[in-house]
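Protein chains in written order, with my numbering: chain G, 4 to 207; chain F, 3 to 708.
No wet-lab data here; the hints were simulated from the structure. Positions of the beta carbon are idealized from the N, C-alpha and C atoms, including for glycine. Watch out, some of these pointers could steer you wrong.
[Claimed, not checked] Here are some, though not all, of the chain F residues that point toward chain G, as calculated from beta-carbon distances under 7 Å: (1) F252; (2) S255; (3) I684.
[Unchecked claim] Residues from chain F shown here face chain G by an in silico Cβ test under 10 Å; the list is partial: (4) L400; (5) F401; (6) L664; (7) V665; (8) F677; (9) C696; (10) L697; (11) G698.
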Amino acid sequence: MNKFSQLGLGSYIRLVSSTTLLAVGGLIFVYANWLQIKAEVAQVLIEQAWQQTISTPSEQHKPWSWADFWPVAKLQLGKKSPVYVLSSASGQSLAFGPGHMLESSSIGASGQVMIAGHKDSHFSFLQSAQLSDEITLTDRLGKVHTYEITTMEIMDSSRNQLRLADRDELVLITCYPFNTLEMNGPKRLVVSASRIEKMRYDKS
Amino acid sequence: MNTPVKYAGLFFSCAWLMIISLAFSATAVHSNDGLSGNSGQKSGGSSDFILKDGAGNTIQALTLSAKVDMEINGLVNHTRLQQRFYNSSHEFVNGEYVFPLPDTASVDSLTIKIGSRIIKGEIKEKAQAKKIFEQAQRQGKKAALLTQNRPNLFRMAVTNIPPGEIIEISMSYVNAVEFDQGEYRVMFPMTLTPRYNSSIAINGEPGRENLNSENLSDNSFQNPSFMLNHPAGADIKNPVELSIHFIPGFKVSNVISSSHDIIVNDVDQQSQRIAFSQRFVPMDSDFHLSWKQNNKALQPQLFVESVYSEGVVEGTEEGADIIDNEYEHYAMLMLTPGAEIFDQAVLNKEVIFIIDTSGSMGGESIKQAKAALLSAVELLNDGDSFNVIEFNSDFTTLFDQSLSFNSNTKRKAKNFIKALQANGGTEMKPALLQALQSPVDKEERLKQVVFITDGAVGNEQDLIRTINQYLGGSRLFSIAIGSAPNQHLFRQVSKVGKGTFVQISEMNQVSSKMKSVFEKISKPAMKNLELVDKKGTVLAIAPESIPDVYFGEPIKVMLKLSTPDSDLILRGTQAGQQFEQALTIGSTSSKGIAKLWGKAKIESLTDKMTLGQGDTVILKQEIIELSMKHTILTPFTSFIAVDKVVSRKPGQALKQAKVNNLVPKGSQASKVTQFPSTSLDIQPLYTLSLLLMCLGLFLGYRRKVS
């Protein structure tokens, strides 16, 4: 005799639902871990590509052959560990690192440089950012640009658009709040930092 | 008996698993098939149906391509604008597009083309048209509604666009070719400069706000939305195609476009065909076409259209008695008053420059504005006095009051100008008041205010009223800067400010345009101009009076004639002297003149409304009557076209989508961009997985217990 037939219909449904819930829950758990692992593990390859970029800045160095982005800068908030900025802010490249928004000025040029990143991976350090903190941005030529945080603003992306300005500053964008259960939330943290005149070279 | 149950159970659980996991992954991650719609963001009354493509980039559900067909015949331009809306989503879409047209355009038709069927639109009162549109929307019928939000800003609403289909909408308009400084011009606006709504309320003028709420700018007006044209390589956004049939009516030279690369081909002796050198260009910069006549001077020209009238006599008009039989003769007269009657004495003047240094001027615009101002300072003469005011959120003046022009003040001015930077808001009014209310100088020089701006302000009407109220004996001239300045504002400022405006969109135009402005402001204008016919009666014209005419400027008036042929006399005063000029002009018959007359008439009525002259209700009624009579779109009427066939079945969803305007080329500070998605949603994912697993365990536990 089959074991199922001994069960009533009610407990049978319960069995099915409990298995399903466990399975779906497990899958989502795996998926969430995968997103983070992907974001972390890729850093090794991206770092390699960055080292190559620094040594031969005239070429584009993709972290892996099928990637459609490449590192363009190194970003560091205070003494926190640095992150590598990728060449675009498309959904795909943001999964692997913060991205340079192409509509803003190019990195290294004087002008408004905008960089977006995920609040729960590469840009989680913005949680502890404070006014007048120092941010450094190393461009592909090894030039270090130093900025100081001047404003931190929370904007609603469903009501506002980002306004590009003719200012020499660095703008970092991530989702807000950092700890929330809301998915696809509309709020963004916009951190603006203006350049402080201090220039040095970093070839490491 | 057991086996089927077992299989059914397995099937059931698998199916359920799949459904649930699909549902969650679709909401948790932007699914990659390019079809997941996000019609949310229902905040602030605006919503937009945005899709995500494979790479997670946003794409608009509704896209636009346009085609412009012009026929320039003599001094009249007939334009047909075709807008094709493509719905790339898998849902029915309700689209909205706020777009510019020339403020001089008399929009006179709207049609929808569906396959081979053509549906003609009708003109209705605004509220009625809206009702018809909303009904069609509910019934699932395709419909288009064209309304005028502001004189140069229109709104197209299209409903029930089926998934994957294109709806083609055409409209047509008539306007007159512009003429100034020996040059004929036609423009077609492609986009607009994002406006800054002033934060300072319209206060201090009680009673005016009521009027404001009734009238010209729609309360439900939505600011147009913007997007960036992607850099080289990507597809052109908002592509437009152009074809012009050019019949100038005389030998022309220098047919050029200062804004686009064009190809000019001869069709025959009289006409030419003009197109962009590339088939499509993005709509990010206004199109300008200009040409010159071979023999330089403008010959006086009279264009006449005789329209059969059904015995309607407009009692409110003085011109009612000159209706000849059943025909009404509408005419457009264009002439340049002869140079021989112009006293060319150069006046001593006080010039106050106002320069807009708001954020919207950033990039190319501020460079052009500064260059214009620097060249203006060079053009001042000894004996003139001047001052410079810069404004953004606040204003700063160069000197406390105007000072005589000399090498010392000139140097100070240049240093002041060179240091200007674009930043902040656009509060024009305080700067304007400062200029207009400054004391008259000791030598009683004529005060000329030169206003350098892109005109990106929201509170146009307030500004116009301010000028009207405080102008006094001063004259206001504007220099319009940028690739898509607000032409209508400048035209109105010139009208109310009794001056003129020039447009500078390229750096290399700066010095020649500034010279022409100074030529105008340095010589006394012609005033009190009137047109008289043979019998000595003053003719009814629209606008109601001829504005002051500066040296080298043409006069353009719309009039009603008793017979299609008329000998006219122009009279007026200049430099304190009376003068008369007899005009013997052969008339040319031309289609569209009646509509231009109607438009001019409507404009003078709306001006009265803006300035608070006359009864709003009566003015509105008169405008609606003129609109119906001449079939011209006005702020109080709309074009509506509805399909007979039902496209969307009851119960099928209808999403709201917007077509964005492109950010004008070269403007840096006014650029806007979408926020990227910047969350992996790790926390909600963990929470969700934890919740589901807990629930699963709980159910499993309960099973064992039971």
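To see whether the hints hold, each was checked on the structure:
{"no.": "1", "hint": "F252", "result": "violated, 45 Å"}
{"no.": "2", "hint": "S255", "result": "violated, 40 Å"}
{"no.": "3", "hint": "I684", "result": "holds, 4 Å"}
{"no.": "4", "hint": "L400", "result": "violated, 23 Å"}
{"no.": "5", "hint": "F401", "result": "violated, 28 Å"}
{"no.": "6", "hint": "L664", "result": "violated, 12 Å"}
{"no.": "7", "hint": "V665", "result": "holds, 9 Å"}
{"no.": "8", "hint": "F677", "result": "holds, 4 Å"}
{"no.": "9", "hint": "C696", "result": "holds, 8 Å"}
{"no.": "10", "hint": "L697", "result": "holds, 5 Å"}
{"no.": "11", "hint": "G698", "result": "holds, 3 Å"}
This entry does not satisfy hints 1, 2, 4, 5 and 6, going by the numbered hints stated previously.
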